[in-house]
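Undergrad: So you can see what is in the structure, the chains are spelled out below.
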Amino acid sequence: MKRLEEKVAIITGAARGIGFTIADVLAENGATSVIIDLDQEAVDLAVQQIDDKGNKAIGLAADVTNTEGIASVFKEINEKLGKIDILINNAGITKDGLLMKMKESDWDAVINVNLKGTFICTQKVCRYMMKKRSGAILNIASVIGLMGNAGQANYAASKGGIIALTKSSAKEFASRNIRVNAIAPGFIQTEMTDKLPQEIIDNYAAAIPLARMGTAKDVADLCLFLVSEEAGYITGQTIQVDGGLIM
Amino acid sequence: MDIKAKVTEIIIEELGVEAGEVTIEASFIEDLGADSLDTVELIMKFEEEFDIDIADEEAEKLTTVGKAIEYLEKQLS
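Taken in order, these protein sequences are the chains called B and E. Per the numbering used here, the first sequence starts with residue 1, numbered consecutively. Per the numbering used here, the second sequence starts with residue 248, numbered consecutively.
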C-alpha cells in the first residue's frame, strides 16, 4: 500500500512551481491531490499532468483570500470525496521592494495572500478534520521568515507570521489529533528564481553549505513525510529545507 | 419545528453523550464533558442547522442545554 493511499490532500497555489510538485509527489504516493489555484485553465493543465501518470487529482479554481469562495470549495471537496485529510497552504506571492519605498498596496497584497490566505484555508478546513479527529496541515513558510531579507519586508513578515500561526493552530488543534507544521524552504529553483541574474544565484549558492540551490522535489519530499503517519508525533514545528543555509 | 428535540439531537451527536444526560440543567462543560473547541463546534452546528447567526457575546451565555434551547426558541419564533 502506498504511503498516502485513500488520503485526500488539498494543495493551494498548486497549478505550478513548488505547489505543483507537492501535488504531484503526494499523488504519486497514493493521495488524491486537490489542486487549488486562481486560473481554471492552469488548474486543468496541472490535473491533466498528474492524471497522465495514472495518479489521482482534481482541480478547482479559487482565491485563498476569498473566505466565501474557499468555504464553498472545501464543502464541495468534502461532499465529493467524503473527507479532507491534508491541507497544504502553499499559495504565496512576492512584491519585493525596499521598505523605505514599499507601497502600502504591495504590503497588503503579500500579507493578504500569504498570511491571511493561510488563516482562511486553515479555518475553513479545520471543521472537517475536527469531526473525524484527524488531519495534517502544512504551511509553506520560508527561511526569509526566520532570517529576514532586505527588500522583502512584506514577504518576511508574512512568512514569520505563518510560523507563529502554525504554532498557535498546532496548540489549538492538538486535542483533535490534527497536526500543524511549517516548512521553511531556502533558495529553491523555480520559474520565479529562473528570472534572477546568474551572479545573484551564484552569490546565494556560495552561502549554502550544500553548495546548490534546492529543487521543488526537495521541498515536496519533506511535505510527504510531514503529512504522513510517520510524522505522527511532530506538530507545531518549522522544518527547514535549505541545504544548511541557516543553522 | 420541535427545537428542543432538534437541539437535544445535535448535542448527542456533537458531544457523543447519552440522551439521558441531556437534561435542561446540564452544563455543556461541567456535565457533558465539552471542552472549549466542542462548545465552538456546537454553536456553529446550531447556526448551520437553524440557519441563524449567533453573536460571540450571545454564544458565551449559552452554557447549559436549557439556555441554548431558550435562546434558539426566542430567535426562531
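Hints may be right or wrong, so weigh each one.
To be verified - Partner residues aside, some chain E positions facing chain B, computed with beta carbon under 8 Å:
| # | residue |
| --- | --- |
| 1 | Asp282 |
| 2 | Ile290 |
| 3 | Glu294 |
Unchecked claim - What follows is a list of derived Cβ distance ranges for each label pair:
| # | chain 1 | residue 1 | chain 2 | residue 2 | range |
| --- | --- | --- | --- | --- | --- |
| 4 | E | Ala302 | B | Ala206 | 53 to 61 Å |
| 5 | B | Glu79 | E | Gly263 | 37 to 45 Å |
| 6 | E | Ile276 | B | Ser72 | 27 to 35 Å |
Note that these hints are calculated values from the structure, not bench results. Backbone N, C-alpha and C fix where the C-beta goes; we use that ideal spot for every residue, glycine too.
Undergrad: Tell me the hint numbers this structure goes against, listed in increasing order.
TA: 2, 3 and 5
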